[in-house]
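Trainee: Could you slot chain B onto chain A? The hints should help.
If you read the protein sequences in the order shown, they are chains A and B.
The first sequence begins at 1 in the working numbering and counts up by one.
The second sequence begins at 116 in the working numbering and counts up by one.
Hints in this document: simulated from the structure, not taken from any laboratory.
For every residue, glycine included, the Cβ atom is placed at its ideal position computed from N, Cα and C.
Careful: at least some of the hints might be erroneous.
[Stated by the list, open to error] Computed from the model, here is a short list of chain A residues facing chain B with C-beta under 10 Å: (1) V4; (2) Q37; (3) L39; (4) K42; (5) E56; (6) S58; (7) D62; (8) C92; (9) N101; (10) P103; (11) Q104; (12) G109; (13) R111.
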Amino acid sequence: EPEVTQTPSHQVTQMGQEVILRCVPISNHLYFYWYRQILGQKVEFLVSFYNNEISEKSEIFDDQFSVERPDGSNFTLKIRSTKLEDSAMYFCASSEAGVGNQPQHFGDGTRLSIL
Amino acid sequence: DAKTTQPPSMDCAEGRAANLPCNHSTISGNEYVYWYRQIHSQGPQYIIHGLKNNETNEMASLIITEDRKSSTLILPHATLRDTAVYYCIVRPPYTGTASKLTFGTGTRLQVTL
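Next comes chain B alone, as it looks inside the complex:
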């Protein structure tokens, strides 16, 4: 599986946009970029995923560079409830079995007043 690199921690002021970067320079052409977050010890929460194009949903936007070697998750107006560990995961395509998620250590985002 392609490896991802994320900063260990980031701070963001409440109401501001949080931009979380991720490097995945060894990603292959058919691998998806997924973002999950984990609030305290709860289960990982799916946020968004993409292949080549930028994606937006009610939670966040995902910007993938043209060469696909990096991406940025954007939380447009961070709130205190967005404080969590954010995981960027490159997921292999279907290989004949259900493709697992391989979690790294993620970025701990602290949203402050």
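Just chain A, same shape as in the assembly:
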């Protein structure tokens, strides 16, 4: 069964450094998402992306964050200058369409640890 893959599984970065998290969505999917989960807290929506532009973003997704689809298969999340509070699990998801009856499928996440 097709799945969303994320790399790396664990990223350790010094505060203030830039980090890029990578995702390969399911191949025929057109809508892409990033969520994050701080340890012990809820899964939170960050951003959705369609047709090479951001569809919606949350308050968390400030100027330090950016997303890109650099080629036909990858979808990336960049954090420009990491802070301690960016430490979390980051999940990528994709769906065939953005409508309510098309499920989003998630990858297993990247654990980001900021030192």
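Mentor: Chain B alone, transformed into the frame defined by chain A:
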């Protein structure tokens, strides 16, 4: 988005059916009910979704009441591998942008021997 209410935790004996309830009394007519689960710290796993009718797939069944104000996810023969946090999510219809999922705290299901 319509809010959902789930019990914080439930236990189920292995081999028995696990019935996980969810209240969504403010759901509107065109919003879908979705169920996901999260095993340990893995990514949320899609289970099933429905609008009005009951649904069944290889993983579970979804029973939605006629007034749509509540639903029940049924795992017919729970195994230890079904131990996870289960999320009931009401998802808005397409609004011109890709509709996000809003996760609550879910129900922690513990399956025991």
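Trainee: Which constraints among the numbered hints does this structure fail? Numbers only, ascending.
Mentor: 7
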